[in-house]
Amino acid sequence: MGSISRRFVWKLDPFLLSVTRGRLSMGMGLPTALLETRGARSGQPRRNGVIYFNDRENVIIVASLLGLPKHPAWFHNLRANPDVVLGGEPFRADVVDDEAEQQRLWALADQVFPPYAAYRKRAAPAGRTIPLVQLTPR
Numbered sequence: 001m002g003s004i005s006r007r008f009v010w011k012l013d014p015f016l017l018s019v020t021r022g023r024l025s026m027g028m029g030l031p032t033a034l035l036e037t038r039g040a041r042s043g044q045p046r047r048n049g050v051i052y053f054n055d056r057e058n059v060i061i062v063a064s065l066l067g068l069p070k071h072p073a074w075f076h077n078l079r080a081n082p083d084v085v086l087g088g089e090p091f092r093a094d095v096v097d098d099e100a101e102q103q104r105l106w107a108l109a110d111q112v113f114p115p116y117a118a119y120r121k122r123a124a125p126a127g128r129t130i131p132l133v134q135l136t137p138r
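For the sequence shown, our numbering puts the final residue at 138, and the numbers step up evenly by one.
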């Protein structure tokens, strides 16, 4: 998929997920859901389509932004306001800091979406480490 179509899909996906209450997505077979955060500065609701995977009772999302030098806006929002909604369900968001846990989760993430490995390599020259976020049900 070209970069233009990737950008189009991720812009359209939150709308599609919202309108269909999560039943339809442009995630092309990937597990995607609508992440609802509050703006870090504005406090206004923000919606983004994200790829996710389950880890026991928790859900893991990856703040990859295609491996670009900066984190996605939704990541900054959930750090400021960690109470989020994913797929209509409430969660508490925490960044995974433990290195052993990060390694374990990256192995799972790479199985769900293999391009994550390339994204990590793309982000490294900018000094960016892609965060893994654990969502715990509230």
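It is worth saying that the hints were derived from the structure and are not from the lab. C-beta: ideal position from N, C-alpha, C; glycine also. Misleading hints may appear alongside valid ones.
To be verified - Taking lysine to aspartate or glutamate and the DMTMM-like style, the derived pairs with C-alpha atoms no more than 25 Å apart in a straight line are:
id	residue 1	residue 2
1	K70	D110
2	K121	D110
3	K70	E57
4	K121	E89
5	K70	E99
6	K121	D83
What the hints assert, rightly or not - Simulated restraints on C-beta separations:
id	residue 1	residue 2	range
7	A40	A107	13 to 21 Å
8	Q103	N54	32 to 40 Å
9	L30	A124	18 to 26 Å
10	A126	G88	28 to 36 Å
11	E99	R47	13 to 21 Å
These are the hints, each one checked on the structure:
1. K70 x D110: 20 Å, holds
2. K121 x D110: 13 Å, holds
3. K70 x E57: 29 Å, violated
4. K121 x E89: Roughly 32 Å separates the two Cα atoms, so the pair is violated.
5. K70 x E99: Measuring from Cα to Cα gives roughly 21 Å; hence the hint holds.
6. K121 x D83: Given pair K121, D83 is violated - Cα atoms ~30 Å apart, limit 25 Å.
7. A40 x A107: 13 to 21 Å: 31 Å, violated
8. Q103 x N54: 32 to 40 Å: At roughly 18 Å between Cβ atoms, N54 and Q103 fall outside 32 to 40 Å, so the hint is violated.
9. L30 x A124: 18 to 26 Å: Cβ of L30 to Cβ of A124: about 24 Å, so the range 18 to 26 Å holds.
10. A126 x G88: 28 to 36 Å: Hint holds: Cβ distance 34 Å, inside 28 to 36 Å.
11. E99 x R47: 13 to 21 Å: 32 Å, violated
Violated hints for the displayed structure, listed by number in ascending order: 3, 4, 6, 7, 8 and 11.
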